[in-house]
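Given chain E's structure and the hints, the job is docking chain Z onto it.
Protein chains in written order, with this note's numbering: chain E, 1 to 430; chain Z, 431 to 860.
Derived by calculation from the structure, the hints in this document are not laboratory data. Where hints are given, some of them may not hold.
[As the list claims (entries may be wrong)] Okay, the calculated beta carbon distance ranges per label pair:
1. Asn606/Z x Arg91/E: 33 to 43 Å
2. Glu11/E x Val784/Z: 33 to 43 Å
3. Asn177/E x Asp613/Z: 35 to 45 Å
4. Thr329/E x Val784/Z: 21 to 31 Å
5. Lys31/E x Asn606/Z: 54 to 64 Å
6. Leu783/Z x Glu19/E: 38 to 48 Å
7. Leu827/Z x Lys342/E: 34 to 44 Å
8. Lys31/E x Leu610/Z: 49 to 59 Å
9. Glu11/E x Ser471/Z: 35 to 45 Å
10. Ile268/E x Glu633/Z: 31 to 41 Å
11. Ser471/Z x Ser187/E: 23 to 33 Å
12. Leu755/Z x Leu71/E: 24 to 34 Å
13. Ile787/Z x Ile399/E: 51 to 61 Å
14. Asp513/Z x Thr329/E: 49 to 59 Å
Every residue, glycine too, gets a C-beta built ideally from N, C-alpha and C.
There are 2 protein chains.
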Amino acid sequence: DELPLDSLIAELTERLQPEQLAILLEAFPIKSRLIIWEQLSSECQKDVFLEMKNESRQMLLTVLSDEACYLLFDKLDASSLLDFTDDLSERFVEYAVAQMSAKQRQHFKTAQDYNDDEVGHWQTFDEQKIPQQLKISAAKKLCAKSLPMLTDTLYVTDSDSKLVGEVAINRLINLNNDDLLVDVINSDVQSLPANQNMDEAAESVILSGKTALPVVDESGRLMGRLDLFSAFKHQEEQRDNQMMQSAGLVDEEDLFSSVWLSSKNRAIWLGINLLTAFLASWFIGLFEATLQQVVALAILMPVVASMGGISGSQTLTLIIRGLALGQITDANKKAIVHKELKVGMINGLLWALVIGIITYFWFDSPMLSLTICIAILGNIIVASLSGVWVPWILSKLNIDPALSGSVILTTVTDIFGFIAFLGCGTLFLL
Amino acid sequence: DELPLDSLIAELTERLQPEQLAILLEAFPIKSRLIIWEQLSSECQKDVFLEMKNESRQMLLTVLSDEACYLLFDKLDASSLLDFTDDLSERFVEYAVAQMSAKQRQHFKTAQDYNDDEVGHWQTFDEQKIPQQLKISAAKKLCAKSLPMLTDTLYVTDSDSKLVGEVAINRLINLNNDDLLVDVINSDVQSLPANQNMDEAAESVILSGKTALPVVDESGRLMGRLDLFSAFKHQEEQRDNQMMQSAGLVDEEDLFSSVWLSSKNRAIWLGINLLTAFLASWFIGLFEATLQQVVALAILMPVVASMGGISGSQTLTLIIRGLALGQITDANKKAIVHKELKVGMINGLLWALVIGIITYFWFDSPMLSLTICIAILGNIIVASLSGVWVPWILSKLNIDPALSGSVILTTVTDIFGFIAFLGCGTLFLL
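Next up, chain E with everything else stripped away, as it sits in the complex:
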């Protein structure tokens, strides 16, 4: 406990990357976070600030003095600011823009012209470019300085700043200093239009076999680039957001976000869920008279609901992945439904039998056993079909099935399961 905090922190900042420091910082409650924060050098604070989760960054801005906040926005580059400008209060954005170099300010404004689902909004401006009329020697000189990460290519432009070709840096080595760039470039360059959807752009970069792809505007002018690192990070972030949202959490929720904020966010999801739960209850209520006479039905209801829910989730998981990969189309949907139906029938028969036998020995009633057999078989089959249909319909409606698919599916299987079970119970047991 008597370890000098400042020397400990000094060692940590020495050994950890800003990204790791951000994760470390976020592992502390807000008060302790501030104590560590104060010990960081102002350079390090800026780096860590850029790596923090959105919500954590907001929380930090709330507790820091205005002066300290403004310091964090000094000399930001355009793509860093663009990363989180949407969640930032107007005055900070204005300050950050005012402090930028003229060039970065120009980049920032250009990027702001694109929506945040377009690659033009997310590109970086660290591409290495050179006019085509220059000599190889000029290109060599450009390479002499330390290059940004993931730079193995120079982009070559014409007098209108249009992208006309590229040259690999390793090829430069054996080229003649006095040759002109225009004579050696590869002019068949894959590029990304700035208004391309960001998800697709990231996918293109990853598939391209290149370390980065250049981004060009409508008239072919070189604007920036999207490198492999940013492309993968984008995908990672999308998946992370999806996981959080599917549990009704906020994107990038902080482990120690304020109790009120956190409660509010989660309450909405609980409310949606409550509607579906009451819907299921309402259907059970239709069989009140049956339940009164055969209480064993009430006891076994969770088994029917849960087996349907699990079967459905299995199919759902497979289908959601297939949809994300673009593998499920009108053409093969029928074949998929067919296969899932067969799997559902096999598992339905198997578990109907097992559950039927257990029920028989537990309650000693052949008719109750028959009732649950039919309900389980029916519910597992319906679940398998819904596992294909629910995400399929959602994706047709442009709703991300990874977010709401699971709630809708379990509502379907709960309600079908209860109706089948209590309905058969009414027929066979009264």
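Chain Z only, in chain E's frame:
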């Protein structure tokens, strides 16, 4: 329908990457898959084969003739074969190894010495290396050929093949041809020990700010490298496997995997789930007498269980992410429990009130309304606490909480919810 299939496929192979072709192929049922497959050039078949999912690859090998299978294993390089050697029958592995170049065979054997959770098993052997006693001109010559993707650095070795330094390719351009490499290298190179855990190694590469890190054996000899692409792909694969496993599916399950195989795999998960469902039923059974007299309790049971399940899942999702990032420790666990408890109390009170009021108007019974209020409040609080404790304990037991956390958590909330609800019902309503 009368489109010539072969020209369509020729156009697709022209325009798509092997990875995209593999995804496309996997979108077809097995029979159609074969028709397309036959149309691919044998070079293309090999590339696509390497990109397919494990299970899809197995299925293809089963339907192809032996001769066609063997063709796929001609002249594989070591790291491609290592990617899926575990799922391959012995005779194919032997054949592939026999067909390799002596160098690749050596690489393959070396990599086989490492477990499949160690980076030594997964490295690639395309690193560019050069002995330190050579001149810069030799290094320049090495760069003249077309380099593997993500190569911006040459690794420099001593006479024992030990890694002694590196030189950035762009720096070479402005170095003197007659200087010795040993005089210009950066000897402070970050490297990965071959027996390092693969997850950690991938994380190191991503954090390093480099396009790749060299892998060295126990005595410091350069073995290969792990590049940024492989590191991100490894993480992506781990996440994908986790998602599939958490639904009780097989890693890399094929959309059209055989009905029997698919049924068998899913049956196991359904069986585990059945145990937990019967456990919940058994607890409900303890209150048989109460249910017989107050059937409204049976009708409302799903509401209590479901609100607990959702609250718990929200906390669980947050905690699983925190655990994966290494943010949750003995030191801050108490603070996290504290915060989640408060959130649980706020949402518990809110929804207990809402549900209490709805129940009052539905069943016109103040005591039933009170009963469900208490059960909801209690269950949401217990769910919030379990959402921290369940994954925490699982991770202490070295069990991945992302796989089984959800099943265990809902079992806890179901059982607690039923006991609280039916228990209070017994006290207040009989």
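Verification of the hints:
1. Asn606/Z x Arg91/E: 33 to 43 Å: 54 Å, violated
2. Glu11/E x Val784/Z: 33 to 43 Å: Violated, at about 51 Å.
3. Asn177/E x Asp613/Z: 35 to 45 Å: 24 Å, violated
4. Thr329/E x Val784/Z: 21 to 31 Å: 43 Å, violated
5. Lys31/E x Asn606/Z: 54 to 64 Å: At roughly 57 Å between Cβ atoms, Asn606/Z and Lys31/E fall inside 54 to 64 Å, so the hint holds.
6. Leu783/Z x Glu19/E: 38 to 48 Å: For Glu19/E against Leu783/Z, whose Cβ atoms are near 43 Å apart, the range 38 to 48 Å holds.
7. Leu827/Z x Lys342/E: 34 to 44 Å: 37 Å, holds
8. Lys31/E x Leu610/Z: 49 to 59 Å: Once the Cβ atoms are compared, 56 Å apart, the range 49 to 59 Å for Leu610/Z and Lys31/E holds.
9. Glu11/E x Ser471/Z: 35 to 45 Å: The hint (35 to 45 Å, Cβ to Cβ) is violated, given that Glu11/E and Ser471/Z are roughly 57 Å apart.
10. Ile268/E x Glu633/Z: 31 to 41 Å: 34 Å, holds
11. Ser471/Z x Ser187/E: 23 to 33 Å: The hinted range 23 to 33 Å holds for Ser471/Z and Ser187/E, with Cβ atoms some 27 Å apart.
12. Leu755/Z x Leu71/E: 24 to 34 Å: 27 Å, holds
13. Ile787/Z x Ile399/E: 51 to 61 Å: 31 Å, violated
14. Asp513/Z x Thr329/E: 49 to 59 Å: Hint violated: Cβ distance 28 Å, outside 49 to 59 Å.
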